[in-house]
Amino acid sequence: MNNILVIDMIAVILLLGIGLYTLIVSRNLLRMLIGFEIMAKGVTLAIVSAGAYNGKLALSQTLAVTAIVVEVIFIAVALAIVMLIQRKKGSLDVRKITNLKG
Amino acid sequence: MLLAYILVPLLGAAIMPILRKIWQKGTDSVPILVTVYQIIITGWIAYQGIVLNGSLNLERWILDQVLALRLDGLSLVALLAIGLVSFVTVLFSLRYPLDEDRRPGYYALILLAVTGMNGLVVATDLFSMYVFLEIVSVASFILIAYQYDEFGMEGSFKYMMLSAVATVFLLVAVALLFAITGGVSFGELAQGVKTGGPVVFISFAFIFFALALKSGMMPFHGWLPDAYTASPAPVSILLAGIVTKIAGVYTMIRLVLEVFGFNSVFMNLLLVVGAVSTVLGAFFALGQKDFKRMLAYSSISQIGYIMMGLAAGTPLGLIGAVFHFFNHAIFKSLLFLNSGAVETATGTRNFDELGGLAEKMPVTGTTSVIGLLSTAGIPPLAGFWSKLVIIVALWMAGFKFFAFIAVFASIITLAYLLLLQRNVFFGKIKQGLEGIREVSPVVYWPAIIMAAITVFSGILFPLVYDKLLNPVNSLLGLLAK
Amino acid sequence: MENVILLAILLPIIGAFILPVIGRFSAKIRNITALLLVTTSFGASLSLLGPVLSGKTTTFLLSMPLGFDLILTADALGILMALASSFVGIIIVMYSFGYIHHDANQNEYYLMVVLFLGSMIGLVYSQNLIFIYLFWEIAAICCWRLIGFYREREIVLKADKAFLITVFGAVAMLLGFVILYSQHNTFNLLEMQGKEASSLAVLLIMFGIFSKSATLPFHTWLPDAGVAPSPVTGLLHAAVLVKIGVFAFARIFVGTLQFDPVWMQILPIVIAASALVAGGAALVDTNIKRIIAYSTISQLAFIFLGLVMKNPIAIAGGLLFIIMHGLAKGGLFLCAGIVEHNAHTKDIRQMGGLITKMPITTVSFALCALSIMGIPPFGGFFAKYMIITGAVEGGNPWIAGVFILGGFITVLYVLRLFALVFLGEMRTDLVNVKEGSNTMLAAVVILGVLSLLAGFLVHFPNEFIQIALEQMKVGI
Amino acid sequence: MELHMVLLIAVTLIPMIIAAFAAELIKSVIALLVGSVGLTLVLFNLNAPIAGIFELSVGAGLIAVLFILSVSLTRPLAKEESAERKRQHYRRFYVLPIIILFLGLILYLNKDFWINAFPFTGAQESASFGEVLWGRRGLDLIGQIGIILVGVFGVIVLFRRGKMNE
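Protein chains in written order, with our numbering: chain F, 826 to 927; chain P, 72 to 552; chain H, 125 to 600; chain W, 117 to 282.
It is possible that some hints are incorrect.
Stated by the list, open to error - Computed list of lysine-lysine pairs in BS3-like fashion (alpha-carbon distance at most 27 Å, straight line):
(1) Lys431/P <-> Lys285/H
(2) Lys285/H <-> Lys180/H
(3) Lys471/P <-> Lys319/H
(4) Lys921/F <-> Lys227/W
(5) Lys914/F <-> Lys227/W
(6) Lys143/W <-> Lys913/F
(7) Lys471/P <-> Lys921/F
(8) Lys431/P <-> Lys558/H
Stated by the list, open to error - Away from chain W, derived, C-beta distances all over 12 Å, residues of chain P:
(9) Arg173
(10) Leu214
(11) Gly268
(12) Glu414
(13) Lys431
Hints in this document: simulated from the structure, not taken from any laboratory.
A virtual CB, placed ideally from N, CA and C, is assigned to each residue, including glycine.
Can you build the whole structure from these sequences, using the hints too?
Structure representation (structure tokens):
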């Protein structure tokens, strides 16, 4: 069982890496959200494989389900805001919406 | 009983669309009732000293396994702060020019944010904490973008992305800990953490990173001034006053106390990050020309203080951190209230266009002086006691250098706040501003309430200590050794 | 008896916040209430004198968590300071009736003045370091608002500067207190009696004391603070506020803690430098209030010298000079206020010959000036004499020599000031200058006469100071 | 078992890389969908059918629908602009597959460390999904209600056309 966990964890780290890379490098708001989605998949995998490893599968599944629900709501709201930005500025380019200094 | 903290605001939010149809006025009063209820109940619990003596009375508040909720000294302080800040936010919103059609939705979101914060505070497991954290965050994104202006959207999107990264890291850490401990409640996690090993270390690093991001500590602070500045005035009160503190600072204190204990590597890191935030935040604030941005950087700096107090790792430091947490909620929301009042009265937040407002807006001017003196830690206001306790704690714990930093950062704090005071309130009235008047009582009464709390919790420090801070000591029993 | 101490402190502090409320209805009642508050506080301190003269102290104790106990003790040193400052306070409140009655923000003015006096009295009775700090900072807040009273941009800048410098010193001092706490595990001065303070703590506390008492590296705020209304400068920057630092030194280092002997070498040098630099600045400046402010800095050095010397004569001289300087310097500032108020200028080159137009002011100014210069038989003479004698006896003849030079410079610049303002040709644009209002004149006359009387009757304060020395366990 | 797992992981990971790499958003979204389906298979393979079904229906289906809706609502770019955009895009992303490969290799070579890092040997739990969900995770359910309400109100607040909109 241990080997499976390790394979899964490597997959999780890779998913997080892909997602984070996309989030940082991308200049398109929608693609940034896709990056977040990729990371979120990694999270789901991490939770379930942890449960599969320590035998608490039922618990891990409930956690994963909750996490997915939260993620969907997050994406829905984020997409709504992105759509508003697009409507306001006519663009999804991150460089065009940075007015604030940070 | 404790469940009411979650359910009451949740129900309040849920009935908003119905109220909007049948009783338009009720949409204003329900949020006020809900928040007042929270203040009264929490104040009553604090006054009765129910959580004063630690574990014995603690048990009464724990429901069975279905809903493991708990109220202890730390959550008591947090709940009181949430109640107060959301109360003044709602009060301030009453006259704030919001789109009438969407006002019920706005109140519902504020109540949901309160639900999230309350849930986070009384939860006893890490995963539930995450769920409630997410409620708070998502509600805040929407509230920041509420006015459809470009800045709001941008601030909201920045906050969203950084907070998304933070929650992902938090959840991965939860998953890692879950893998080795087989549970997600604080108790189970603390058991597993004792075994140590690299996984615990990595998960703590992830959590640390996530919470530093959430609380806007110095290397990760980019989103915070933007989000605060871009949001509508009442939302920035809520956001700056309590949301980021609960989401970042409270969670950090809670997790350190109950799960990880005072791990020396991370405490030193926290100390350094806290000191850097304290000093740099104050320096950045010094250079700002916008009322809210200055306050936002000041928030970063004050969070640094709280973190340093926590990182001292002693009971005294913990008390200082918790008290500063409470005080910061009060005085920072007071200052944001003032900035909101100035913005409504004059239509600008730029220092170059403001000046001498104290003459025309005496209440706002006076309360802002109280807020700034408390922020700078000038006695006898509340901010002084908490900073003093933090400094004493740092010194006694042997972090003398950091005690020095904490002391001298308060000079910079005073410097930028005097700059603010000079540019906005003190001095002669600027040309073109002669016609302005004090804002309406609904707007300035919240400021008076907050100022009164700041003054009285400073003067009546022994009482505050007895009723509000002493219970924090009972937490040390939970401390993971 | 214990509650009388509390009364002396709380009455002005709480009463101060009622003043603006009264002021909304009637300015007159507010003014009288302010005067009453300060007078009652003075009376309360006076009534504490009885037990002290018979050698006892009165203590009030309120237990607080974390060692922040409120401990108030009326010992001879405290009462000496409380009486001196509340007496000057009464006179200044009286003087203010005439001085500021056309200005805006009067409510805030009286609030701050009375609050300031209350916190001053609180400070002198406090025996807990935290409360010393607390009252110290309340005084700083009041001072900040009062310097910025006229609300012009440059004036507010100067107020901010003064506030920042004093708070900088104060937080350094707070850190010093924290170090003392970590050494002795208490903030209570009574429990620290006779213990050693670490050098770092001494250094940090000296930052606070020097910044408040405007001694050399931190003195720049005091001349700038002259932009405040004259009664404020008289009150805060001459008679009372700057004495807080001196008092704290007496309380903490003379009366309670021991410090490393090396400080006995360092401190006199800093102080001597301060005396000479400020004296030199006073010689060349042309703004009447700045000159008097520089004079304050250099006279404070004398007080410090007395206290630092750690020998009974010098300390007694230092304490005596606190009273004498308070009376005389308060008088000088108030006279300067009358001159400035009526002549509408602060530049001494544009004055002259005012003796014919304002004789009473001139005489009072002269009396106070003679006391500051240290001319016998005025009060200042005895004090300076004792300080110098003490310094010589304490084995620091060089330092004593420097201070004699400093005293000489004092004589020079005070004479220059007096000559330029009151003597000489009357300028044409000053022909219509009138004498000040009655309350203002009464104030300066009282101070001038007291400066003279204090010299003749130096016996009484001196005896009292001996009791203070005994209670501080100095020289026994 | 292990090989099985590695294959399924590959089925998940490769579409994800494509999702990051594809220049056109619609392709990215479809790749994300495929990756989600791969993840579902992984979850089934881990004996977590309920999470798998949820991932398939909500994580893959609903999110893909939302994304496709959003993408179709955005204005398409002009020809030359999109070509330029593509070149820039590839320039930013071409290192990603290399990084991922290296990272994966390094992690795989150090897998002994990871195996030792997880000390827990838990006992199999007998409780079913429903028992755990209703019996122990009640707070999460309340939280889910809360977050769904947030989503509903959020979309209402953000899309209701009031006076201040437009």
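query: In ascending order, which of the hints set out earlier in this document are inconsistent with the structure?
result: Checked against the structure, the hints that fail are numbers 2, 4, 5, 7, 8, 9, 10 and 11, while the rest are satisfied.
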